[in-house]
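Chemist: Here is what each chain is made of, one letter per residue.
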Amino acid sequence: MQIILLAAGQSKRVKPIEDKNFIKFCGKYLIEWQLETLKQAKLEDILIICNELNLEKIKIFVKNSKNKNLPKNIKFGLQKNLDLGMAGAIVDNQSLIKKNVVIISSNDVVDVKAYELIKEASKKEKSAMIGYQVSQYFPGGYLQIDKKGYITEIIEKPKEGKEPSDMINIVIHYFADVQELIENLKKEIKNKSKDDIYERSIQNLINDGLKVKAIPYKGFWQAVKFPWHIFQLQRYFLDKDKGQRIKDKVSLISKKTSIAKTTIINGDVIIEDGVKIFDNAIIQGPCYIGKNSIIANNALVRDSNIGENCVIGFATEIARSHLGDNVWAHSNYIGDSIIGNNVSFGAGTVTGNLRLDEKNIKCGNLDTGLNKFGLLTGDNIRCGINVSFMPGIKIGSNSMIGAGITVTQDIEKNSFVRGETKLKISENKIAIKNERDEMRGKLVR
Amino acid sequence: MQIILLAAGQSKRVKPIEDKNFIKFCGKYLIEWQLETLKQAKLEDILIICNELNLEKIKIFVKNSKNKNLPKNIKFGLQKNLDLGMAGAIVDNQSLIKKNVVIISSNDVVDVKAYELIKEASKKEKSAMIGYQVSQYFPGGYLQIDKKGYITEIIEKPKEGKEPSDMINIVIHYFADVQELIENLKKEIKNKSKDDIYERSIQNLINDGLKVKAIPYKGFWQAVKFPWHIFQLQRYFLDKDKGQRIKDKVSLISKKTSIAKTTIINGDVIIEDGVKIFDNAIIQGPCYIGKNSIIANNALVRDSNIGENCVIGFATEIARSHLGDNVWAHSNYIGDSIIGNNVSFGAGTVTGNLRLDEKNIKCGNLDTGLNKFGLLTGDNIRCGINVSFMPGIKIGSNSMIGAGITVTQDIEKNSFVRGETKLKISENKIAIKNERDEMRGKLVR
Amino acid sequence: MQIILLAAGQSKRVKPIEDKNFIKFCGKYLIEWQLETLKQAKLEDILIICNELNLEKIKIFVKNSKNKNLPKNIKFGLQKNLDLGMAGAIVDNQSLIKKNVVIISSNDVVDVKAYELIKEASKKEKSAMIGYQVSQYFPGGYLQIDKKGYITEIIEKPKEGKEPSDMINIVIHYFADVQELIENLKKEIKNKSKDDIYERSIQNLINDGLKVKAIPYKGFWQAVKFPWHIFQLQRYFLDKDKGQRIKDKVSLISKKTSIAKTTIINGDVIIEDGVKIFDNAIIQGPCYIGKNSIIANNALVRDSNIGENCVIGFATEIARSHLGDNVWAHSNYIGDSIIGNNVSFGAGTVTGNLRLDEKNIKCGNLDTGLNKFGLLTGDNIRCGINVSFMPGIKIGSNSMIGAGITVTQDIEKNSFVRGETKLKISENKIAIKNERDEMRGKLVR
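Residue numbers (our numbering), protein chains in the order written: chain S, 1 to 445; chain L, 1 to 445; chain F, 1 to 445.
There may be inaccurate statements among the hints.
Since copy identity is lost for identical chains, a pair holds within one copy or between any two.
Derived EDC-like pairs: lysine to aspartate or glutamate, alpha-carbon spacing no greater than 16 Å straight-line [claimed, not checked]: (1) K261 / D279; (2) K39 / D357; (3) K429 / E358; (4) K429 / D357; (5) K99 / E180.
Just so you know, the hints here were simulated from the structure itself, not pulled from any lab data.
My request is simple: use the sequences and hints to build the entire structure.
Modeler: Next comes the structure, spelled out in structure tokens:
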């Protein structure tokens with residue numbers, strides 16, 4: 001059985017994050033985690049469909065990876081026309097696709113159980129789709145099924161209370177013979193159908209008599225549709241990594257670290273090789289600290305993912321945030337934020353993460369649904385001292401942000417941002433006293 | 001003996017604090033402390049004279065209070081015409097006032113001893129007034145007395161060196177028959193006397209032959225005339241509370257708290273039920289920490305009163321300040337400040353508390369007499385990140401202060417304040433390096 | 001043998017530092033260190049040549065000093081015409097200068113060994129100069145020597161690769177009969193020679209047959225040409241002071257200090273009498289903490305020199321910096337900075353010490369050669385809260401810097417600097433919630 005792993009999505013809704021596949025959780029790329037899970041389910045014949053921007057990067061990653069838990073047989077396809085979505089991904093790579101396949105998306109994260117269920121179903125059914133069971137309304141595509149559990153229709157965003165079942169469609173789709181689907185996709189494309197060609201084709205096949213079994217699944221599911229979904233995944237992967245390490249008897253805190261005696265570590269924490277933690281730093285789990293990162297004196301890291309080679313400087317607080325590799329913070333508060341790779345913050349810079357009116361924070365023109373959300377950045381950013389970022393601000397890659405400003409708008413990539421500084425300089429006519437003994441006296445304990 | 005507790009003062013000079021009677025010290029309202037002290041002196045027949053704004057609030061407080069140390073017999077009067085001051089308070093409530101009374105003010109704080117002295121005097125004298133003995137000049141009303149210790153005149157603010165005695169008039173005035181005074185007050189009001197009608201009437205009675213004994217008193221006395229008087233009271237009530245707890249064998253630090261092992265607690269400290277103190281926080285007494293408040297990692301609280309349900313966040317310093325209930329601070333410096341209820345400060349926000357020229361700080365158009373004084377706020381305030389408050393600034397209730405600004409003027413209540421942000425955005429033409437290994441090397445210890 | 005100690009240099013290139021001689025290292029003035037080293041070499045007949053600005057100050061220092069390690073016989077000369085440089089210093093003080101002399105500069109710091117070498121040479125040679133041996137190119141005056149080690153020419157800044165020897169000229173010059181030199185200097189001055197008259201005269205004497213032996217020297221040498229040279233000297237003097245204390249069995253950390261149990265002290269540290277260090281402060285050596293200074297809670301001092309009577313307040317970081325006496329910092333980051341005497345910083349103020357482009361930092365129009373360099377100040381400065389200083393900024397003495405501004409330009413002495421504050425104030429129409437229980441719930445650990 002071949003896995004068609006769709007990884008060509010344009011990641012538009014997570015901008016300025018360039019490519020969802022390369023978001024790292026606990027030191028592993030999202031796509032790496034996906035491949036590991038497939039291997040766990042003994043699904044090792046993989047076709048990854050990439051786009052022109054990430055094809056080489058994914059190839060190189062797979063080629064150079066020393067991770068022994070990746071599937072053995074990984075091939076690569078290229079989707080040229082990204083506007084055609086999933087339909088384009090499949091049609092563009094027709095020649096590489098076998099008959100008996102499971103189509104999955106690189107940014108739908110599920111437990112290995114979901115793959116095991118679809119594999120099990122493949123032994124009995126001509127086709128099957130995982131139905132993710134929800135206990136409350138979710139604005140997605142619901143599966144309408146007949147008495148025997150076969151899908152009759154996929155109903156997109158029904159009104160609340162009008163859901164046809166408790167199952168929503170997530171992209172884990174089995175086809176004993178995917179060629180039927182491909183022919184239908186081609187026909188729809190020829191007819192210049194727009195939007196949801198893939199879903200429409202499946203509906204066509206169902207209408208023409210294809211039996212598609214709905215497979216109920218109750219475990220973890222989280223798509224990376226919007227950046228703030230990263231927070232849920234961060235906690236999920238930390239738990240998963242921890243479980244794996246406990247199973248493999250690998251210690252959660254590497255012994256190749258230098259951790260001061262006065263460091264305080266609480267809760268679930270994974271600390272990698274080469275990490276240095278200085279006196280009076282506090283790590284309040286759940287936390288992941290990547291290779292060779294430094295947590296300096298009096299820093300507090302809580303409920304966060306710190307990448308490799310980061311430096312979390314003196315008196316910095318990183319709270320409920322996801323930091324990429326090579327992030328340098330120094331006397332900052334970074335809360336509820338998603339920070340890319342190779343980003344540095346000058347001392348005194350703060351990410352606002354709560355509106356004065358405490359309403360939900362917008363990111364671009366989207367409501368995050370969160371009343372706490374901070375900064376969202378791309379890669380390669382330098383930020384000066386004493387900068388104030390409003391909640392929900394996005395900073396594009398390769399940008400520099402000058403000192404002492406309040407950033408109240410999103411910043412496009414490749415920007416250089418500074419404030420206007422008007423100083424009024426006059427003659428100082430006030431004598432400056434040298435004696436402060438009285439004041440000092442008050443400090444004595 | 002009936003106590004006439006004057007509580008209708010307009011609190012104008014403590015604005016934006018709404019009502020002095022409801023400033024909390026060590027978890028108890030000022031008026032609650034006053035009532036407790038009266039009960040201690042076994043003075044339990046109380047008439048509280050309120051104004052239209054606080055009558056209901058005071059009634060409800062007395063009705064609902066679970067404090068067992070309040071006098072049993074508390075009645076309420078209403079002063080309608082606040083412009084007539086103490087005279088109006090008494091005349092408006094003539095029908096509720098008995099014959100044998102002590103008139104006191106709700107914002108003159110004294111030891112129980114002062115009440116005991118006036119009670120003692122009441123056994124021998126037809127009338128008496130407490131004379132607070134000062135060891136240095138004080139700009140108040142001095143008592144001129146005859147050889148037998150009876151008052152001949154109250155001299156308002158004599159010149160320094162011209163004081164008629166060492167006693168100043170504080171409002172603890174006994175009258176065996178207060179009706180004489182009331183009749184005189186009514187006559188003066190009819191004659192359209194302005195200002196100090198009450199004091200004038202007493203002088204009239206003295207001139208007409210009333211014997212008013214001056215009762216020297218040396219203990220604590222502090223009126224809440226200006227906001228900064230709160231600091232003195234804070235220390236006084238902490239000591240009083242501590243003394244009471246020691247006497248009652250109640251521990252100063254509740255056992256229903258969660259205090260991290262690495263928390264450092266020095267000096268006189270009262271910590272209430274439900275308080276949580278996190279690792280590496282420092283409490284440097286004298287300090288009071290109210291119910292259910294959280295003192296987070298690396299915070300420093302010194303010489304301060306923290307109300308209930310406060311959150312003193314990471315790396316925040318609260319020094320020599322009085323915070324109401326539900327105050328949220330996060331990576332701030334709040335020094336020599338008086339903060340109302342339900343106030344929050346964004347990270348990096350600082351209260352300036354020292355002028356560059358180190359001169360006395362003005363609050364409104366008043367000289368505080370202090371070279372260190374910070375911020376003074378009302379209730380219900382939200383303040384953004386990286387705000388700078390100049391020393392002595394007042395913020396009215398129900399206001400919001402935007403991020404990154406320097407607040408150089410008083411803010412009226414119900415205000416929304418923000419800065420002008422002009423960003424200059426150009427193309428960034430500088431390549432951002434990824435390699436910082438050299439810099440990292442320097443951090444290794 | 002008389003030492004001519006040239007101390008009249010105008011310190012132009014270290015502005016706003018007023019006088020290099022009075023920079024303190026480990027509690028001693030630079031000139032004090034120089035005099036101590038001379039005494040160590042048993043050179044006790046000293047003529048200090050001052051300028052009009054520092055003559056009295058140096059005289060008073062020598063007169064009042066309780067330092068027992070200063071030479072016994074110190075006299076003072078005055079250089080009137082500073083434009084003539086070293087030549088002027090000598091000619092102006094002809095009458096005070098003996099025959100057999102060593103000419104040295106007050107701001108070339110060397111090991112005692114250098115003086116011992118010149119003293120040794122004086123026994124055999126008519127004149128001699130220390131040649132500081134460099135292992136890589138240095139932009140100074142190189143000594144060209146003959147086969148017997150006598151100097152034939154001093155070649156100023158030869159091209160790299162064209163150095164005539166590995167020795168550069170530093171001002172430790174012995175003359176058995178300095179009168180020859182003086183006559184030549186006077187002739188050159190008469191001829192209106194400009195620049196380098198002193199060096200030209202020596203060359204004249206060599207050309208006329210004077211044998212000047214080059215004495216190779218390999219130890220420490222550092223001139224205070226630019227302010228950032230202070231950093232090298234700081235480390236040098238700390239080591240020297242430490243060595244001396246160990247030799248004299250004087251403890252590095254005075255017992256007349258008050259150091260909290262939780263204070264962390266690592267590395268080489270000298271802590272003087274009267275110092276107070278509060279809980280959770282960290283001293284990361286190499287560090288010197290001067291008399292009666294206070295290091296408050298949670299402060300971090302690393303690789304720095306802290307003068308006398310300083311107060312390093314809560315959560316302040318002082319990194320790789322040189323602070324004079326009476327410096328008050330409070331919740332600041334001061335990195336790679338040189339701070340004068342009697343300087344204070346409001347909370348939240350930060351010295352930027354790294355450019356966004358990570359290039360070398362300029363100070364005035366000079367390239368410091370450093371990619372990390374912070375603030376450089378004179379004396380008597382008051383700085384407000386939340387100020388941002390750009391890297392390499394210079395602040396002149398007797399200045400005041402207002403709150404909340406970004407200082408992007410050098411500030412002349414006697415300046416009063418403030419920003420423009422434009423606040424937009426409108427009516428707040430948003431109801432401010434009082435209930436934050438949900439948010440508080442998330443804080444519980």
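Chemist: Given a CA cutoff of 16 Å, do K429 and E358 count as a within-copy pair, a between-copy pair, both, or neither?
Modeler: between (45 Å within a copy, 14 Å between copies)
Chemist: Using 16 Å as the alpha-carbon threshold, which applies to K261 and D279: within, between, both, or neither?
Modeler: Answer is both: 7 Å inside a copy and 14 Å across each meet the 16 Å cutoff.
Chemist: Cα distance capped at 16 Å. Does K99 pair with E180 within a copy, between copies, both, or neither?
Modeler: Answer is within; shortest intra-copy Cα gap is 10 Å, inter-copy 104 Å.
Chemist: 16 Å Cα cut-off: does K39 pair with D357 within a copy, between copies, both or neither?
Modeler: Close neither inside one copy (48 Å) nor across copies (44 Å); limit 16 Å.
Chemist: If the cutoff is 16 Å on CA atoms, where do K429 and D357 land: within, between, both or neither? Let me know, please.
Modeler: So K429 and D357 pass the 16 Å test across copies only (10 Å; inside, 43 Å).
The earlier numbered hint that this structure contradicts is number 2, and it is the only one.
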